[in-house]
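Number of protein chains: 4
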Amino acid sequence: MTVQPRDPNFETRVRDSFARQRFMATLGASLELVAPGEITIVFAHRAELTQQHGFLHAGVMTSVVDSACGYAALSLMEPGVGVLSVEFKVNMLAPAVGERFVATGRVVRSGRTLTVCSGEVTTERDGATVAVLLMQATMMAVRGREGVAD
Amino acid sequence: MTVQPRDPNFETRVRDSFARQRFMATLGASLELVAPGEITIVFAHRAELTQQHGFLHAGVMTSVVDSACGYAALSLMEPGVGVLSVEFKVNMLAPAVGERFVATGRVVRSGRTLTVCSGEVTTERDGATVAVLLMQATMMAVRGREGVAD
Amino acid sequence: MTVQPRDPNFETRVRDSFARQRFMATLGASLELVAPGEITIVFAHRAELTQQHGFLHAGVMTSVVDSACGYAALSLMEPGVGVLSVEFKVNMLAPAVGERFVATGRVVRSGRTLTVCSGEVTTERDGATVAVLLMQATMMAVRGREGVAD
Amino acid sequence: MTVQPRDPNFETRVRDSFARQRFMATLGASLELVAPGEITIVFAHRAELTQQHGFLHAGVMTSVVDSACGYAALSLMEPGVGVLSVEFKVNMLAPAVGERFVATGRVVRSGRTLTVCSGEVTTERDGATVAVLLMQATMMAVRGREGVAD
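Protein sequence lines correspond, in order, to chains A, B, C and D.
For the first sequence, position 87 (counting from the first letter as 1) is numbered 86 according to numbering that gives the first Met the number 0, and the numbering increases by one without interruption.
For the second sequence, position 148 (counting from the first letter as 1) is numbered 147 according to numbering that gives the first Met the number 0, and the numbering increases by one without interruption.
For the third sequence, position 56 (counting from the first letter as 1) is numbered 55 according to numbering that gives the first Met the number 0, and the numbering increases by one without interruption.
For the fourth sequence, position 117 (counting from the first letter as 1) is numbered 116 according to numbering that gives the first Met the number 0, and the numbering increases by one without interruption.
Looking at chain A on its own, in the form it has when it is part of the complex (with noise of 0.2 angstroms):
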């Protein structure tokens, strides 16, 4: 998809906004691609993010991978208007095994209220990427609704 950004600042209003999501600095989480439609954070495995069987908790990759997508949706959004996630859905696809990950956030469709996004996480095993998690999302523009912007 070959997309046009409508606010020509989107990529300081991506990174700035990204910096007040302070879950994603607790999850030690840094925002790598901000690019029109397409984003992409990294983060890594650590003992306090995993589950019962030492993986990283799928909600620590899903909570990565929603804010991938909701600032994919954001980056082509106009100045002034704010994003919240709707609804998503994610496929486990591995075990969470690795040390770092990558998750990816792309808008499938671009709409005035609704953007539908492809969210992925990933992880190099062994020298290849392995896919670990599959989103399907959709966000919300909010417009006019006190302390929701960015």
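Watch out, some of these pointers could steer you wrong.
Unchecked claim - The following residues of chain B were derived to be distant from chain A, with all beta-carbon distances above 12 angstroms:
#, residue
1, V2
2, N8
3, L32
4, A34
5, P35
6, T39
7, V101
8, R105
9, V107
10, G110
11, T112
12, E123
13, A127
Unchecked claim - Here are the simulated distance ranges between beta carbons:
#, chain 1, residue 1, chain 2, residue 2, range
14, B, S29, C, G79, 47 to 55 angstroms
15, D, E31, C, R19, 28 to 36 angstroms
16, A, R144, C, D125, 49 to 57 angstroms
17, B, G53, D, E123, 39 to 47 angstroms
18, D, E145, C, G79, 49 to 57 angstroms
19, C, A43, A, T11, 54 to 62 angstroms
20, D, A43, B, S29, 54 to 62 angstroms
21, D, E145, B, E77, 23 to 31 angstroms
22, A, R19, B, S29, 26 to 34 angstroms
23, A, T11, D, A24, 54 to 62 angstroms
24, D, E10, B, R99, 52 to 60 angstroms
Said to hold, decoys possible - Short derived list, chain D residues pointing at chain B, Cβ under 7 angstroms:
#, residue
25, E86
26, K88
27, T137
Note that these hints are calculated values from the structure, not bench results.
Glycine included, each C-beta is placed from N, C-alpha and C at the ideal position.
Since the structure of chain A is provided, determine the placement of chains B, C and D on it from the hints.
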């Protein structure tokens, strides 16, 4: 649904496994009810769990209710079996404004391999219970895989 | 959920719109209950609706419960608004073995633009009600788009 | 994904099974491409498949792409195994306006029991391909259950 646990020791098993989910401690979530096919986990608003508008990140609520659904499924599994999340879908019903949240996971259908669960996150607002998130999830019983028990 | 329809004429409106869904006639589905925020539609096993093993195709059940959820949402919308399915997710709970099926759609949360619904398909087997499909869906109110009313 | 079918006879097996899905004939859908892990099915607008606004019912598109995903999964399964839909989620991307539609199902991850698929429905509009529906689905390999083969 009236259900019979296949493991008479189900409550200890669920509580021990939950105690090994280090991510739940990171979120400040604590296990409350453990009944056959039904689990509740409570957690509270904390600044380090927020998204850019100051609400709890959708991923926080999703993580806790994923654990609630997973343990609801595990509570009905025979001894020695492990549980993993196959997939889930959530809808955000209202902004996560509140002090204290309750995540409930319930088994809708328990099969030999797959268990379907329904999950919900609620909070109290002005004396009323408000639903903020709804989940529909599939959990899997894992047998004979090293390192994946309970 | 106790709900107040914004259109006193909601029942006629839902029944008229359902009568225009030619696909429901193709499936032999008929509208039964029309209450504010709750709809039931009944349908029966027919050979021309089956998949390769002779069960009802998952898509048949999904189609009917999608309509039930859509009309549950519409039943609470103000006059002049149209309803469209944004997205839905279904879990198959049991093989669709049975003679007669009941699809129920219920509004979980009704917003100005988006409505979240919960849907279910059940059948009678040996005197008991068996749930065969569970849906979680998002419906949208469409205003001012030509050709999209009710 | 480069994949190796475990059944050299996969194409005949998929085509024979599809021919037994009487619902696909009811929808006027016909199987086109059968490749390892990828299936396309085509179908056309018909008045008896419409919803109240004259668009194809979301359930029609969902039914066809569910079959495409199911057969994409089956194409990689060993002989003697049956396939069933566990769950799926769809997002409507655009109104189903068009004459001819193509549903594609692709395997994203193929496991022994569960297969995750990605599905899409497209149509041609003014010389361009428009995506109208996106699916994320889980299919299951069924072994040793009477009446459930292919």
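Tested hints:
Distance check for V2/B against chain A: the nearest CB is about 22 angstroms away, which clears 12 angstroms, and the non-interface claim stands. Against the 12 angstroms criterion, N8/B stays outside the reach of chain A, whose nearest CB is about 16 angstroms from its own CB. With 12 angstroms as the threshold on Cβ separation, the claim that L32/B sits away from chain A holds: the shortest Cβ distance comes to roughly 19 angstroms. Its beta-carbon lying about 19 angstroms from the closest one in chain A, A34/B satisfies the requirement of being farther than 12 angstroms from that chain.
Chain A leaves P35/B outside its interface by the beta-carbon criterion, the shortest separation being 19 angstroms against a cut-off of 12 angstroms. Residue-level check passed: T39/B sits 17 angstroms from the nearest beta carbon of chain A, beyond 12 angstroms. V101/B, annotated as away from the interface, keeps every beta carbon of chain A farther than 12 angstroms; the closest lies near 17 angstroms. No Cβ of chain A approaches the Cβ of R105/B within 12 angstroms, the least distance being about 18 angstroms, so the stated non-interface status holds.
No Cβ of chain A approaches the Cβ of V107/B within 12 angstroms, the least distance being about 17 angstroms, so the stated non-interface status holds. Residue placement check: G110/B keeps its beta carbon more than 12 angstroms from all beta carbons of chain A (closest about 18 angstroms). The beta carbon of T112/B is kept farther than 12 angstroms from every beta carbon of chain A, the shortest such distance being approximately 15 angstroms. Annotated as non-interface, E123/B keeps its C-beta farther than 12 angstroms from every C-beta of chain A; the closest such distance is 21 angstroms.
With a least CB separation of 21 angstroms from chain A, A127/B remains clear of the 12 angstroms interface cut-off, as annotated. Look at S29/B against G79/C: about 49 angstroms separates their beta carbons, and that is inside 47 to 55 angstroms. Between E31/D and R19/C, the C-beta spacing of about 31 angstroms keeps the proposed range 28 to 36 angstroms intact. Checked against the hint of 49 to 57 angstroms, the C-beta distance between R144/A and D125/C comes to roughly 52 angstroms, which is consistent with it.
The hinted range of 39 to 47 angstroms is satisfied by G53/B and E123/D, whose Cβ atoms lie roughly 46 angstroms apart. Take E145/D and G79/C: their Cβ atoms lie about 53 angstroms apart, and the range 49 to 57 angstroms holds. Against the hinted window of 54 to 62 angstroms, the Cβ-Cβ separation of A43/C and T11/A comes to about 59 angstroms, which satisfies the hint. In this structure the supplied range 54 to 62 angstroms holds for A43/D paired with S29/B, their Cβ-Cβ distance being about 56 angstroms.
In this structure the hint that E145/D and E77/B lie 23 to 31 angstroms apart at CB holds, the actual value being about 24 angstroms. Distance hint check: the CB atoms of R19/A and S29/B are about 27 angstroms apart, consistent with the given range 26 to 34 angstroms. Roughly 56 angstroms separates the CB atoms of T11/A and A24/D, a value that falls within the hinted 54 to 62 angstroms. In this structure the hint that E10/D and R99/B lie 52 to 60 angstroms apart at CB holds, the actual value being about 57 angstroms.
With 7 angstroms as the threshold, the beta carbon of E86/D comes within range of chain B, its nearest partner Cβ sitting at about 6 angstroms, so the hint holds. Of the supplied interface hints, the one on K88/D holds, with its beta-carbon coming within about 6 angstroms of a beta-carbon of chain B, less than 7 angstroms. Among the interface hints, the one on T137/D holds; its C-beta lies about 6 angstroms from the nearest C-beta in chain B, closer than the 7 angstroms criterion.
Comparing the model with each earlier hint shows no violations; every hint is respected.
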